[in-house]
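Chemist: As they're listed, the protein sequences go chains R, E and F. Quick note, in numbering that gives the first Met the number 0, the first sequence goes up one by one and the last residue is 261. Quick note, in numbering that gives the first Met the number 0, the second sequence goes up one by one and the last residue is 327. Quick note, in numbering that gives the first Met the number 0, the third sequence goes up one by one and the last residue is 282.
Source of the hints: derived by calculation from the structure; they are not laboratory data. We treat Cβ as the ideally placed atom computed from N, Cα and C, and that holds for glycine. A hint or two may mislead.
Now the in silico label distances, taken between C-beta atoms and shown as ranges [stated by the list, open to error]:
no., chain 1, residue 1, chain 2, residue 2, range
1, E, 160, R, 231, 21 to 31 Å
2, E, 153, F, 162, 51 to 61 Å
3, R, 121, F, 177, 28 to 38 Å
4, E, 303, R, 71, 21 to 31 Å
5, E, 292, F, 113, 54 to 64 Å
6, R, 23, E, 137, 38 to 48 Å
7, F, 242, E, 288, 50 to 60 Å
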Amino acid sequence: METILHCENLTKIFISGLIRTKPIVAVKNVTLDMKKGEIIALVGQSGSGKTTVAKMILRLIKPTSGQIIFNGKNALSYDKREYYRRIQAIVQDPYSAYNPFYKVDRVLEEVFNLYENNPSPDERKKIIHSTLERIGINPEEILGRYPHQLSGGQLQRLLIARPLIINSELVVADEATSMLDASTRAGILNLLLSLKENERISVLFITHDIAQAQYISDRVLMMQNGEVIEQGPSDRVFIHPSNPYTKELFDSVPQLRKKWKF
Amino acid sequence: MISKTIHLLEIKDLRGYYRGIFGVVRAVDGVSLTADCGEVVGIVGESGCGKSTLAQLCSGSPSPLLHYESGKILVNGVDIYKIDPEVFRTEVKCQIMSYIPQASMDSLNPVKRVRDFIMDVMIERTGQKLSKSEVFKTAGDHLEKLGLDRGVLDRYPHELSGGMKQRVVIGISTLFHPKLLTIDEPTSALDVTTQKLVIKSLVNLKKAGIIESLLFISHDITVLGQLCDRCAVMYGGKIVEVDTMDDTLNNPLHPYTQALISSVVSYDPEKMVKGGLKSIPGAPPDLRDPPPACRFHPRCEYAMDICQTKEPPLEAVKDGSEVACWLY
Amino acid sequence: MFDLLVRSPKFIFGTAIVLAIILFGIIGPVFTRDPLKPNPHHVAESPSGVYILGTGDLGEDLFAQLCMGTRNSLMIGAIAGGFATFVGVLVGGIGPYKSGLADETSNAFTNVVMVFPMLPLLIVLVALFGGGNASMFLVATLIGLTSWPWAARCIRSQVLTLKEREFINVARMSGVKGRKIVITEIMPNMLAYIIIVFVVSLSIAILTEAGLSMIGLGPDPSSNVTLGTMLDFLGTGSTSIALPWNYWWAFIPPGLVLTIFLLGVFIMQSGMDEVFNPRLRRV
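Whenever a hint applies, use it, and build me the whole structure from the sequences.
Modeler: As structure tokens, this is what we get:
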């Protein structure tokens, strides 16, 4: 399997203060590899730097040092439109991701701008309808509505439809399920799994939730204070963690069928 | 003479609605529940089910838009909405029952040290001027029971971590050893390791006898499973099932509870499980205009005709279990 | 959300009041006599059939003055308010969007101007440039020049909030370029806000002008009539008491119109706040 994404020693230092006094090391020497068709979980508690890594991969923030190689080429050398044709993202707060002024259709329509030649309106409509049906959404229920009229789960599904419409290769899901209820969450997790199984799309799943990471990922990277402290295949790391911090973390996760002993 | 035991908390057919320019939201629409001394009762439900509203109503001081409509809330046999507000404030609140709302750890006054806060609370409650050393000794002892260092008293809120702040809030709310502590989503914003610490401190509080009963509200059933004896499941402003915690997890009766359990992702240190999670189609009802009769019927896979016409009452099915469903 | 707004009773009531007064100001002067024309035969007469609101010191028709005054005050308010909003959008909008040095500079600049004692500055400027016969336009401009920091602050906080919203990133990931993002993503969400800022700036300006006129530093009263100039005889000249109650028809009407207008704006604002303020709506 070919490597689709390779990050080498990614580092991001934020400098706060007008007089440039305090440096904050958000991400330190993060190296990760992602193969085509894999789901990788980037797990860390709040402040571990995982969202910063995501933003760098998505070219929303510039790395202080390090490289991001996407499909063999330096990510920064891609033309932006081509880059976003291949990598898309799903964000944490579905209600924040939609401009409340416009109907939700806009989010689906605007991905077509990433093409060199925009397909005709009829073709666009056909593609949107078939994609929505593929992920189990009835187009009549969704199109023409405003964001506040739909549920969080529906909004997230529409965001997942975007990479499907333009046949992206990689989806970055940054805490995509954190603001959803348990029952809706299950649907989105299963949908992301089907992206990998049916569409061969790779997913970078960023989360603080260990249970979800275990459910969905093939490989996992554990982050703490901006560094990767443990990584490996999920069936090894989750069952036999070697790093003491990781062990402590896993011990603290409440399980459905097992009680803590106090 | 009362022949049956008085429950510590008894809620009977409680209704509380939000009224505003958006209309009337029937957030809590006929809820009945009991909690006894020594029990830890959990209330689980997804967003919009009314569990936080229920907690607010139980606290006796609902937020401005929330109106208590009808029903009874009896604490130790006393209806808190029928007694004089002054009596409620001085005798019941904080002394017999205490309420910690959501996100309360963010509402600590940032310009006051913890000890000043505690001093204010103690003076207001006991109405006397107490010596600083007395107060701080009591407070320090109390905080230590929660696993905090005495030094926390001298700190400002921004110097404390999330878990410490949450425990400080718990400490302040339990200074007077209330019999019943109602706590709403104390751990949602915390890291997983801190969450365990806070849960542990709550269990320790109960073991030490500082609180007798706990009403724990959360959307996360895996957390509830760790410390609750009994569990009530809420949906659409109503309670659909009440069971022992073990029964709720292993033998759920109501279709919603069953669906909820099969949609929860759980960490398993022994094997990897892929697939098998089931989501519930549709969305929770808009409580301004809930579905008629059983509120879950539009999403229920077992829905029958009667579910759309008549509302199922919450009835005891077997020892310790109550369900509101026509299947039983 | 906008549908909630138009159903909000406070908003409708407030807007009705404001629109009524605006209408009064637009239509009123068309049907009345020349407000500045002195009439020595009817000096300081109380209201009667001929003169609805009586006459003033020099025999002017006070009702005509009220109509024209309302119109001119609103005009001054609009010019000053528009000026303040425009500068506010420029200074408060561009800075925070670009962030970094541009933001720090515009913020610092706003803060400095804001802390400056405006009223004394205004008085000095009007006296300097106006002499004794300032035009309404001059007064409006000067008020606008000194009241924009408030507008800039409001716009700035709104832009900062919007910047944090994820839909900006979603737009970037759809290939939308920087400048287009401002126009298509940010501006529509700011529109309602900018309108509020304008309306409030307008009301502040009207009040400021009235204040200036009362101390004789407003538009030249011999050629202009505003609600403020109608009040400038108070406490000076012929009457040594601040509020000459036996001459009530001279000062109560303009004061009333001012008050009712500001009340209308306030109620309108309060209605909008109820709908838009997320904290009041959280259920």
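Chemist: Which earlier hints turn out false for this structure, listed by number in ascending order?
Modeler: Checked against the structure, the hints that fail are numbers 2 and 4, while the rest are satisfied.
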